[in-house]
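With chain A fixed as given, assemble chain B onto it according to the hints.
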Amino acid sequence: MPDALTLTWRQYRLERRMFWRNPSAAFFNFLLPLLFLGFFGAILHGKQADLDRLVPGIAGMSVMATTFTALAYNIVFLRESGVLKRIRGTPLPTISYFGGVAANAVTNAGLQIAIIIVAGRVFFGIGWPVHWGELVVFVTCGVVCFAALGVAFAHVIPNFESTPAYVNAVFLPVIFVSGVFYDIKNVPTFLRTVAEALPLKPLIDGLSGAMVTGVGLSANLDALAVIGLWGAFGLYFAVRGFSWEQSRT
Amino acid sequence: MSAAAPAIEVRDLHKSYGEYEAVRGIDITVERGEVFGLLGPNGAGKTTTVEILEGYRERTSGEVSVLGHDPAERSIELRRRIGIVLQSGGIYGHITPREALRHWASFYPHPRDVEEVLALAGLMEKADVASRKLSGGQLRRLDFALALVGDAELIFLDEPTTGFDPAARHAAWETVSSLRDLGKTILLTTHYLDEAQELADRVAIVKDGRVLAIGPPRELGAGAASYRVSYRDASGRLIERETEDPTTLLHQLTGEALQSGERLKELSVGRPTLEDVYLELTADA
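Residue numbers (numbering that gives the first Met the number 0), protein chains in the order written: chain A, 0 to 248; chain B, 0 to 284.
Next up, chain A with everything else stripped away, as it sits in the complex (with noise of 0.2 Å):
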């Protein structure tokens, strides 16, 4: 009798292998970030103090691409194409389904740090991690607070069309305000308070503490703080929200 358990790494082998045959998804969620911490890295040569800022930016928008960005793509494309009422029909647990396609993107994201901690060990003059304890528990509560709102964002869109769009409209002015890639102490002080409010911030913060400044947890906790109340609102809303097939207009 197939459990849930073995279902759910079922799904996770099969999500796995769809993952590297899906030429474009592999690109914008995996090799995007790595491109920028290369092209970035090399502008940025020689200033270490700007690399220190950037190695951990480049660690957070690698979380939210990985789970935020991929999901919603994912959900709606699934979605919209009847893929997902399909799976409802069958006796996949729901939860192994889910932890299928989660456990994918924390496989992602988790890939995605190491390559990067690796990269700013041989590339960027930054050691390894300060604080390894630290750097687990930031990403993940990153990760499981930008999966959730990834597949709460997938409800508010009609269809996979202008998923592009919506996705985009999020993603790239919450990396821009966040810091990624410049000092955010030479931004007004609106946006910093806007930056501080949204939950890549605080991440970057925490990454930025456990691989290069050394300010531990107890310093972070604030930060921690911000990402539980919006995974909170994320999990609220991919449950509630969710939707498993194509709405009927």
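Simulated from the structure, these hints should not be mistaken for lab results. Owing to the predicted nature of the structure, the values given are computational and were not obtained by experimental measurement. Watch out, some of these pointers could steer you wrong.
Incomplete in silico selection of chain A near chain B, CB under 8 Å [what the hints assert, rightly or not]:
id: 1; residue: Pro1
id: 2; residue: Leu4
id: 3; residue: Leu6
id: 4; residue: Arg9
id: 5; residue: Arg16
id: 6; residue: Met17
id: 7; residue: Asn21
id: 8; residue: Ser23
id: 9; residue: Ala25
id: 10; residue: Gly81
id: 11; residue: Lys84
id: 12; residue: Arg85
id: 13; residue: Gly88
id: 14; residue: Pro90
id: 15; residue: Thr139
id: 16; residue: Val143
Sample of chain B residues with no beta-carbon within 10 Å of chain A, all distances over it, derived [stated by the list, open to error]:
id: 17; residue: Gly88
id: 18; residue: His93
id: 19; residue: Arg97
id: 20; residue: Glu98
id: 21; residue: Ser105
id: 22; residue: Tyr107
id: 23; residue: Met123
id: 24; residue: Ala129
id: 25; residue: Leu211
id: 26; residue: Tyr226
id: 27; residue: Arg227
id: 28; residue: Thr242
id: 29; residue: Pro245
id: 30; residue: Thr253
id: 31; residue: Leu263
id: 32; residue: Gly269
Even for Gly, the Cβ is constructed at its ideal location relative to N, Cα and C.
Same frame as chain A, now just chain B:
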């Protein structure tokens, strides 16, 4: 639950979408091993009814039992025993039919052999081709295959051959017949008369959310009172006469013809077909 309990029982089913009443009091019983057809024009409420039975929609009122379960509870136990061919269900584009079937088979306690299902659905040659490269007809065969791989007792087919060319339709009909031979219960919706006539043991004609007639396709035709006698007269004009007593009418006609030396070309006696009944019942008043 005894083995003789019907596969599906529906009593006074209603479903409203806001102001609009899609289903307005449907009663049907589908026996085990039966192929039951819901026949009706587009918008008659067929798909709504089937999707309530499949567990996709919640009914507004009425009683529904599918293999002894209330489908609205969406129990995994029930979903292990049913197979669903949706009107338009998507499939992952980046995996092959064989991979999809293997994955689907893992959901079920006693799945059928994947190779056997590929052969039954006529997908052997395309078994290792990415699904996004399959034609519409091949994707529809994959729909069938995915619904069969769990070895379900009860199979729902929502307009299974819409958009098929004649050869593909006959292939699909053969698949359905082979499922009947395996003792499966099948509920199918269609707006094709010939499909209902060919496949269904019993048919319910549905319009505006109500059942207008129910019975075996042949008896539905025969249930109507009159026979139709037609022939061409001496001038070649086609004469059609309706009668409840064809014997007397034929005796009279042939007697007159013999006397006058007429031939009664193209003489035929017909019962109303399912088509006649369907058109009469579903005609807009």
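A quick look at each hint next to the structure:
no.	hint	in the structure
1	Pro1	6 Å, holds
2	Leu4	13 Å, violated
3	Leu6	7 Å, holds
4	Arg9	5 Å, holds
5	Arg16	7 Å, holds
6	Met17	5 Å, holds
7	Asn21	5 Å, holds
8	Ser23	11 Å, violated
9	Ala25	11 Å, violated
10	Gly81	4 Å, holds
11	Lys84	6 Å, holds
12	Arg85	4 Å, holds
13	Gly88	4 Å, holds
14	Pro90	4 Å, holds
15	Thr139	28 Å, violated
16	Val143	25 Å, violated
17	Gly88	4 Å, violated
18	His93	4 Å, violated
19	Arg97	13 Å, holds
20	Glu98	8 Å, violated
21	Ser105	5 Å, violated
22	Tyr107	6 Å, violated
23	Met123	22 Å, holds
24	Ala129	8 Å, violated
25	Leu211	25 Å, holds
26	Tyr226	45 Å, holds
27	Arg227	42 Å, holds
28	Thr242	48 Å, holds
29	Pro245	49 Å, holds
30	Thr253	58 Å, holds
31	Leu263	55 Å, holds
32	Gly269	42 Å, holds
Violated hints for the displayed structure, listed by number in ascending order: 2, 8, 9, 15, 16, 17, 18, 20, 21, 22 and 24.
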